[in-house]
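Colleague: Top to bottom, those sequences are chains A and B.
When you line the first sequence up against numbering that gives the first Met the number 0, it's residues 0 to 526, in that order.
When you line the second sequence up against numbering that gives the first Met the number 0, it's residues 0 to 378, in that order.
I should point out that these hints are in silico values taken from the structure, not numbers from a laboratory.
Here the structure is a predicted model, which is why all the values come from computation and not from measurement.
Note that beta-carbon positions come from the ideal geometry of N, C-alpha and C, so glycine has one too.
Accuracy of the hints is not assured; some may be wrong.
[To be verified] Simulated DEER-style distance windows between Cβ atoms:
(1) A:Phe44 with B:Glu319: 21 to 29 Å
(2) A:Ser283 with B:Glu76: 14 to 22 Å
(3) B:Tyr25 with A:Gly188: 51 to 59 Å
(4) B:Ile91 with A:Val431: 26 to 34 Å
(5) B:Glu76 with A:Thr24: 37 to 45 Å
(6) B:Leu134 with A:Met243: 25 to 33 Å
(7) A:Val133 with B:Val84: 53 to 61 Å
[Stated by the list, open to error] From the structure, some residues in chain A lie toward chain B, with a derived Cβ separation under 10 Å:
(8) Pro278
(9) Pro449
(10) Tyr482
The chain contents come next:
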Amino acid sequence: MEAAHAHHGHEAHGHHPTGIMRWITTTNHKDIGTLYLLFALTMFFVGGVLALMLRLELFEPGMQFWRPEFFNQLTTMHGLIMVFGAIMPAFVGFANWQVPLMIGAPDMAFARMNNWSFWLLPPAAVLLVVSFFVPGGAIAAGWTLYAPLSTQMGPGTDLAIFAVHILGASSIMGSINIITTILNMRAPGMTLMKMPLFVWTWLITAYLLIAVMPVLAGAVTMVLTDRHFGTSFFNAAGGGDPVMFQHIFWFFGHPEVYIMILPGFGIISQIVPTFARKPLFGYSSMVYATASIAILSFMVWAHHMFTVGMPAAAQLFFMYATMLIAVPTGVKVFNWIATMWKGSMTFETPMLFACGFIFVFSMGGFTGLVLAITPVDIQLQDTYYVVAHFHYVLVAGSLFALFGGAYYWLPKWIGRMYDETLGKWHFWLSMVFFNVTFFPMHFTGLAGLPRRVPDYNMQFADFNMISTIGAFGFGLSQLIFVYLLWKAIGGAGEKATDKVWEGAQGLEWTLPSPPPYHTFETPPVVK
Amino acid sequence: MISKGLGLFAAAAAGLAADSALANRYNLQEPQSIIAHQIYDLHTLIMWIIVGIFVVVFGTMTWAIVKHRKSVGHQAEQFHENTTVEIIWTIIPFFILIGMALPATKTVIAMKDTSSPDITIKATGYQWKWGYDYLQEGISFYSNLSTPRDQIDEYGKKGAKKNEHYLIEVDNPVVVPVGKKVRIIATAADVIHAWWVPALGIKQDAIPGFVRDTWFKVDKEGTYRGQCAELCGKDHGFMPIVVEAVTPEQYAAWVAAQKTKMPAAAPDPGKQWTLDELKAQGEKVYAGNCVACHQATGMGLPGTFPALSGSKIVTGPKDEQIKTVLNGVVKGGKPTAMAAFGKQLSDADLAAVITYTRNNWSNRTGDMVTPAEVKALRK
Numbered sequence: 000m001e002a003a004h005a006h007h008g009h010e011a012h013g014h015h016p017t018g019i020m021r022w023i024t025t026t027n028h029k030d031i032g033t034l035y036l037l038f039a040l041t042m043f044f045v046g047g048v049l050a051l052m053l054r055l056e057l058f059e060p061g062m063q064f065w066r067p068e069f070f071n072q073l074t075t076m077h078g079l080i081m082v083f084g085a086i087m088p089a090f091v092g093f094a095n096w097q098v099p100l101m102i103g104a105p106d107m108a109f110a111r112m113n114n115w116s117f118w119l120l121p122p123a124a125v126l127l128v129v130s131f132f133v134p135g136g137a138i139a140a141g142w143t144l145y146a147p148l149s150t151q152m153g154p155g156t157d158l159a160i161f162a163v164h165i166l167g168a169s170s171i172m173g174s175i176n177i178i179t180t181i182l183n184m185r186a187p188g189m190t191l192m193k194m195p196l197f198v199w200t201w202l203i204t205a206y207l208l209i210a211v212m213p214v215l216a217g218a219v220t221m222v223l224t225d226r227h228f229g230t231s232f233f234n235a236a237g238g239g240d241p242v243m244f245q246h247i248f249w250f251f252g253h254p255e256v257y258i259m260i261l262p263g264f265g266i267i268s269q270i271v272p273t274f275a276r277k278p279l280f281g282y283s284s285m286v287y288a289t290a291s292i293a294i295l296s297f298m299v300w301a302h303h304m305f306t307v308g309m310p311a312a313a314q315l316f317f318m319y320a321t322m323l324i325a326v327p328t329g330v331k332v333f334n335w336i337a338t339m340w341k342g343s344m345t346f347e348t349p350m351l352f353a354c355g356f357i358f359v360f361s362m363g364g365f366t367g368l369v370l371a372i373t374p375v376d377i378q379l380q381d382t383y384y385v386v387a388h389f390h391y392v393l394v395a396g397s398l399f400a401l402f403g404g405a406y407y408w409l410p411k412w413i414g415r416m417y418d419e420t421l422g423k424w425h426f427w428l429s430m431v432f433f434n435v436t437f438f439p440m441h442f443t444g445l446a447g448l449p450r451r452v453p454d455y456n457m458q459f460a461d462f463n464m465i466s467t468i469g470a471f472g473f474g475l476s477q478l479i480f481v482y483l484l485w486k487a488i489g490g491a492g493e494k495a496t497d498k499v500w501e502g503a504q505g506l507e508w509t510l511p512s513p514p515p516y517h518t519f520e521t522p523p524v525v526k
Numbered sequence: 000m001i002s003k004g005l006g007l008f009a010a011a012a013a014g015l016a017a018d019s020a021l022a023n024r025y026n027l028q029e030p031q032s033i034i035a036h037q038i039y040d041l042h043t044l045i046m047w048i049i050v051g052i053f054v055v056v057f058g059t060m061t062w063a064i065v066k067h068r069k070s071v072g073h074q075a076e077q078f079h080e081n082t083t084v085e086i087i088w089t090i091i092p093f094f095i096l097i098g099m100a101l102p103a104t105k106t107v108i109a110m111k112d113t114s115s116p117d118i119t120i121k122a123t124g125y126q127w128k129w130g131y132d133y134l135q136e137g138i139s140f141y142s143n144l145s146t147p148r149d150q151i152d153e154y155g156k157k158g159a160k161k162n163e164h165y166l167i168e169v170d171n172p173v174v175v176p177v178g179k180k181v182r183i184i185a186t187a188a189d190v191i192h193a194w195w196v197p198a199l200g201i202k203q204d205a206i207p208g209f210v211r212d213t214w215f216k217v218d219k220e221g222t223y224r225g226q227c228a229e230l231c232g233k234d235h236g237f238m239p240i241v242v243e244a245v246t247p248e249q250y251a252a253w254v255a256a257q258k259t260k261m262p263a264a265a266p267d268p269g270k271q272w273t274l275d276e277l278k279a280q281g282e283k284v285y286a287g288n289c290v291a292c293h294q295a296t297g298m299g300l301p302g303t304f305p306a307l308s309g310s311k312i313v314t315g316p317k318d319e320q321i322k323t324v325l326n327g328v329v330k331g332g333k334p335t336a337m338a339a340f341g342k343q344l345s346d347a348d349l350a351a352v353i354t355y356t357r358n359n360w361s362n363r364t365g366d367m368v369t370p371a372e373v374k375a376l377r378k
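Produce the complete structure using the sequences and hints provided.
Modeller: Structure representation (structure tokens):
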């Protein structure tokens, strides 16, 4: 027994497989984190190419490049791939890398399940991409998959439904892993209220995921049985209700919005104190604000459907509940600014992205407030104003937070500094082109341009042209990031110190850069 | 390349400057109904509140970024909480929100009051056109996009010059009198659509199998344009809505004209048709009802909409095709995108379009389908 144990230990440390098998069989949280991040980056470019294809058609009035049905496939798959393939896996990648390092745990709680939850993603991505090539093409009902439009379409819809099932299973497993790790494997002395805010936001996000991913799975399964097995969940002729799909979808969909932003809030809450050289202002109110946002997110879903014709009482309830979210979100922004106040700030790339995040995400928050007002929303629902709003919170919010986090922790992960000049170029070009792309959409939306249309009246021509130019600029700017990564991972750049950043605080900065393959095998003690 | 890019930017900037006289380029369209006015004012109020918050919050942040940086020698202080401040900035937003919610609540309740309308119009969304029924007046018609295809399609060629109302013009507009309360009952035949006219401040989803209502009262005469606002498939971007608001006298005249026109427009049921007449009429019906899916080439869209050219149903027995067009295609108990046209078209139009499809493209059956044959198969 003794000998067997020793042998097992020797194997685990010495002879893990090399080459491709290392990545397929890995149970190491750092390897899996890397896999998640590379997968997300790949899907980010796939979804980005789809976005540029649809912006190409919208460059000027008239149909020049794609047939309308293919245009709808582009918008739908751009949404699905960016939400489920890029943003969500990227945050899980950060959780895998950082949660054990930040709480002083040796690895994730369920290491084999961790491997499985990653390796479910590539088949799901393949299903989504392959669906472009089946008869009828990919699903074209919008990423929201509204029935009965989605029950009407070809086999691409079934592939998308299976992909959503698989992605949902992966997310649930990942969330169970994260919750178990955080609740059971913290270093001695790290009480819940001493956890870094990134860990807190992920703990809350993981609960949201477990609560709502099964709801989405249920909704798409009902679409599937309506399509093939004679049920009538969403078919009025059989006693069903098409609007029920929207209620179920958005009961998933609104918490999903916070699933994609809360870990971003966490990353920003790590970066700002580091570069302000000052502790985070209002730590406990940050935790409570995150929890409040999560709880409120279950009570606001119908603000996505103010035009379906709900009773006035329902419209008022969802309007008030939605407006309330502004309070905890405001608290977060105020806390970040209070953290900056009277600090000693420097502006390396992570801090640039954090400041950019606070500024531009807040603009998305402001338009969210406009859209919360039911009568105004009824005018703006399904227009480009909404497209502008959710790209301000998802691109300038989630994506900028992800970039900020990547620059912040990259030197720790690879042991080399990245090229600061290139990083700054990446930030400024992204920031400028993001606004060139999406700011004009506020105007076209207000003036009456519906979303998801392949063609439009000439009155919208110049703003659409500006948006398309901005979109190509934004897309090309992202290649700087790839080049920067390639250079840094290739070993250019100076060696990173253990602490990397002068103001960095937390367990991960006590480790060498890069950290050894296994870390915190003896738990550190947090005072 | 760069100079070309700059040229585009300059052109866009010049375009912005030239058209800035149009009030609706940067804002909601000029409101034309009570509700639209309230929405406009609500939006303006909230925008000003937001601008105020923006200036205070980001003024503070900018100040910190400029003054409290290491490069100007600022030393970090180490405070990290202040209960008073935190309570203040939780409470103040709460009161601001109440200030916004009060006027919004009034408008929500006003929007929902569809009682005692002067006119009730049922708007039915189809893939991809609108059908209108004036319930008291007994007028019914379909409203299709009237922009010619040669202005839209520019695949590999330059399209015809686009007119001013490109994509927001229809053959048969909805006509309403000014100053009267018009109730819109929205429903749909296939998937969810949404009836939206921005200047009138209404947008109502049209849900198959359910009816929902909304209302408007137009302030002044004019033509108000909108579009379907809910993704409804391939030609979602090509099913506009046009409302013409006229004086009550003009409206009464329009109603009278429609009533006499409707029976006159329908072909005489006793008419004896020749094959060529049917084919000519059928081509028109095809262009209005079938071409969006089955295409002008009759080849459909592979995988989504079947081809008619060479189709077994179209070249097979006449009765089968007549039944298909009359009753639509139902798979597994549910209607498909092939709608039941028996409800939408007259016997003569159905006979014409079926005759047309049986004698066009690669189909050379030489068959002629008469209105009587269609009538006989109606259930």
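Colleague: Hint compliance check: list the failing hint numbers for this structure, sorted ascending.
Modeller: Failing hints, ascending: 1, 5 and 10.
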